[in-house]
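Once you've looked at the hints, dock chain B against the given chain A.
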Amino acid sequence: MLYSWLVAKKTRGMFEQLNEADAGLFIAAVRDDVVFTYPGKHALGGTMRGKAALGEWFQRFFRFFPGIKWTINDIVVEGAPWGTTVVSAEWSVRCVLENGHVFENEGLHMIELKGAKASAVRVYLDTQRSAAALQSLADSGVAEARVPQGAGV
Amino acid sequence: MLYRRFVHGKARWIFERFSAGDYEALLKNEAPDLLFEYPGRHALGTTLTDINSVRLWYERFFRFFPDIEFTLKNILMKGGPRKTTVVVEWEAKATMPDGQPYDNQGIHILIIKMGKAAGIRVYLDTQKKAAKLQSLAENGVAEASAAPITDADAPVAA
Chain A
1 MLYSWLVAKK TRGMFEQLNE ADAGLFIAAV RDDVVFTYPG KHALGGTMRG KAALGEWFQR
61 FFRFFPGIKW TINDIVVEGA PWGTTVVSAE WSVRCVLENG HVFENEGLHM IELKGAKASA
121 VRVYLDTQRS AAALQSLADS GVAEARVPQG AGV
Chain B
1001 MLYRRFVHGK ARWIFERFSA GDYEALLKNE APDLLFEYPG RHALGTTLTD INSVRLWYER
1061 FFRFFPDIEF TLKNILMKGG PRKTTVVVEW EAKATMPDGQ PYDNQGIHIL IIKMGKAAGI
1121 RVYLDTQKKA AKLQSLAENG VAEASAAPIT DADAPVAA
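Chains A and B, in that order, give the protein sequences.
Mapping the first sequence onto my numbering, position 64 (from 1) lands on 64, and the numbers just tick up by one.
To get my numbering, take the position in the second sequence, counting from 1, and add 1000.
Incorrect hints may have been included.
[Said to hold, decoys possible] Restricting the straight-line Cα-Cα distance to at most 25 Å, the calculated cross-link-like pairs of lysine to any residue (SDA-like) are:
(1) Lys1113/B / Met1/A
(2) Lys1093/B / Asn1029/B
(3) Lys1083/B / Lys41/A
(4) Lys9/A / Arg1121/B
(5) Lys69/A / Pro1148/B
(6) Lys1093/B / Ala120/A
(7) Lys1078/B / Ser4/A
(8) Lys69/A / Arg12/A
(9) Lys10/A / Ile68/A
(10) Lys41/A / Pro66/A
(11) Lys117/A / Leu1072/B
(12) Lys1083/B / Trp5/A
(13) Lys1116/B / Lys41/A
(14) Lys1073/B / Gly50/A
(15) Lys1073/B / Ile68/A
(16) Lys1128/B / Thr37/A
[As the list claims (entries may be wrong)] FRET-style restraints, in silico, Cβ to Cβ:
(17) Pro1032/B / Asp33/A: 46 to 54 Å
(18) Asp139/A / Arg1005/B: 48 to 56 Å
(19) Glu104/A / Ala1020/B: 29 to 37 Å
(20) Gly1115/B / Ala80/A: 23 to 31 Å
(21) Glu56/A / Thr1049/B: 19 to 27 Å
(22) Lys41/A / Asp1151/B: 52 to 60 Å
(23) Asp1151/B / Gln17/A: 34 to 42 Å
Hints were generated in silico from the structure; no laboratory data involved.
The model shown is predicted, which means the values in this text are computed figures rather than measured ones.
Backbone N, C-alpha and C define an ideal beta-carbon position, used for all residues, glycine too.
Just chain A, same shape as in the assembly:
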């Protein structure tokens, strides 16, 4: 119980820092060989392998969504410190883009921890809404929002 509480608290702290456009805690909490999956056919969708690729992905993410705010709705932790722990963080998110487009979405991060660090993070959300937000940025002249995500950023 205490372990679950601690893991939930740490997860909440990561999202609080993301709300300051700072991915530092998030990146510090993953293994060097983390596999990060973000869904959708758009400039952010794809699978990032390794800390460096994840860091570049977050830089691009915050260029598109400056001032984005997550509200955590629920965190569920399953597992124990000596094995694999799986954490789900369900959230809603809101951001007014620089072109005035209001981006709202709901989703979930599924985080697999091995030891104390994340080996895999998979994001689930409404990809139609993400694609529409990035399309609106591309239409406003943000060329980077048009670039399809490949194997890495």
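For chain B alone, kept in the frame of chain A given last:
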């Protein structure tokens, strides 16, 4: 620990029934006034609060994905019999009626109160879902581009 094992077993059973197309078994385990949320702008994306409209939704779902097969990746839970939150991460594969293959990955959040699902919330790749339904409509299945089912579509009990 015993309750946790029970809930994990129940979650596996639900998706085994789902994969078998047995939505009547699912409906028997859902509260009459459940909150059912399925994301996306397409013929299946909707929010329902009446089990009779949820039945219409399942009927439509299985017309589009008759042989859908779920593989569970993770089951997480918290809470007790009064209120349990279950998070199920899955992969799904199906062959659609026009022969196109379909696959997706997603999450079901089940809120279970006293043994019945009081809430079902789904997260998945809506772009992929909408694209597949769009091509199904183009291949002659008009319902795939129909307006989403709403509570107003539920048959009124006599």
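How the hints compare with the structure:
1. Among the hinted pairs, Lys1113/B with Met1/A is consistent with the structure: their alpha-carbon atoms are about 22 Å apart, no more than 25 Å.
2. The suggested pairing of Lys1093/B with Asn1029/B holds, with an alpha-carbon distance near 24 Å, which does not exceed 25 Å.
3. In summary, the hint linking Lys1083/B to Lys41/A is not supported, as the alpha carbons are separated by about 37 Å, beyond the 25 Å threshold.
4. Between Lys9/A and Arg1121/B the CA atoms are separated by roughly 24 Å; this keeps the pair inside 25 Å, and the hint holds.
5. As the CA atoms of Lys69/A and Pro1148/B are separated by approximately 30 Å, the hinted pair breaks the 25 Å bound.
6. Straight-line distance between C-alpha atoms of Lys1093/B and Ala120/A comes to about 22 Å, which keeps the hinted pair within the 25 Å bound.
7. Simply put, Lys1078/B and Ser4/A have alpha-carbon atoms about 10 Å apart, close enough for the 25 Å limit, and the pair holds.
8. As the CA atoms of Lys69/A and Arg12/A are separated by approximately 13 Å, the hinted pair is consistent with the 25 Å bound.
9. Proximity of Lys10/A to Ile68/A is assessed by CA-CA distance (about 20 Å); at most 25 Å being required, the pair is judged to hold.
10. Using a Cα cut-off of 25 Å, the hinted pair Lys41/A and Pro66/A holds, with the two alpha carbons roughly 21 Å apart.
11. Between Lys117/A and Leu1072/B the CA atoms are separated by roughly 23 Å; this keeps the pair inside 25 Å, and the hint holds.
12. A threshold of 25 Å between alpha carbons decides the hint, and for Lys1083/B with Trp5/A the separation of about 18 Å falls inside it, so the pair holds.
13. Distance check on the hinted pair: Lys1116/B and Lys41/A sit about 36 Å apart at the alpha-carbon level, beyond 25 Å; violated.
14. Restraint check for Lys1073/B and Gly50/A: the C-alpha separation of about 22 Å stays at or below 25 Å, so the hint holds.
15. Taken as a hint, the Lys1073/B and Ile68/A pair is broken in the structure, with Cα atoms around 29 Å apart against an allowance of 25 Å.
16. Between Lys1128/B and Thr37/A, the direct Cα distance comes to roughly 15 Å. Compliance with the 25 Å bound is thereby established for this hinted pair.
17. A hinted range of 46 to 54 Å holds for the C-beta pair Pro1032/B and Asp33/A, which are about 48 Å apart.
18. Between Asp139/A and Arg1005/B the Cβ separation comes to about 52 Å, which falls inside the hinted range of 48 to 56 Å.
19. With their beta carbons about 36 Å apart, Glu104/A and Ala1020/B fall inside the hinted range of 29 to 37 Å.
20. At about 27 Å, the CB distance of Gly1115/B to Ala80/A agrees with the hint of 23 to 31 Å.
21. Restraint check, Glu56/A to Thr1049/B: a C-beta distance of roughly 43 Å breaks the suggested window 19 to 27 Å.
22. The hinted range of 52 to 60 Å is not satisfied by Lys41/A and Asp1151/B, whose Cβ atoms lie roughly 32 Å apart.
23. Range check, Asp1151/B to Gln17/A: Cβ separation about 40 Å, and the 34 to 42 Å hint holds.
The structure fails hints 3, 5, 13, 15, 21 and 22 (numbered hints given earlier, in ascending order).
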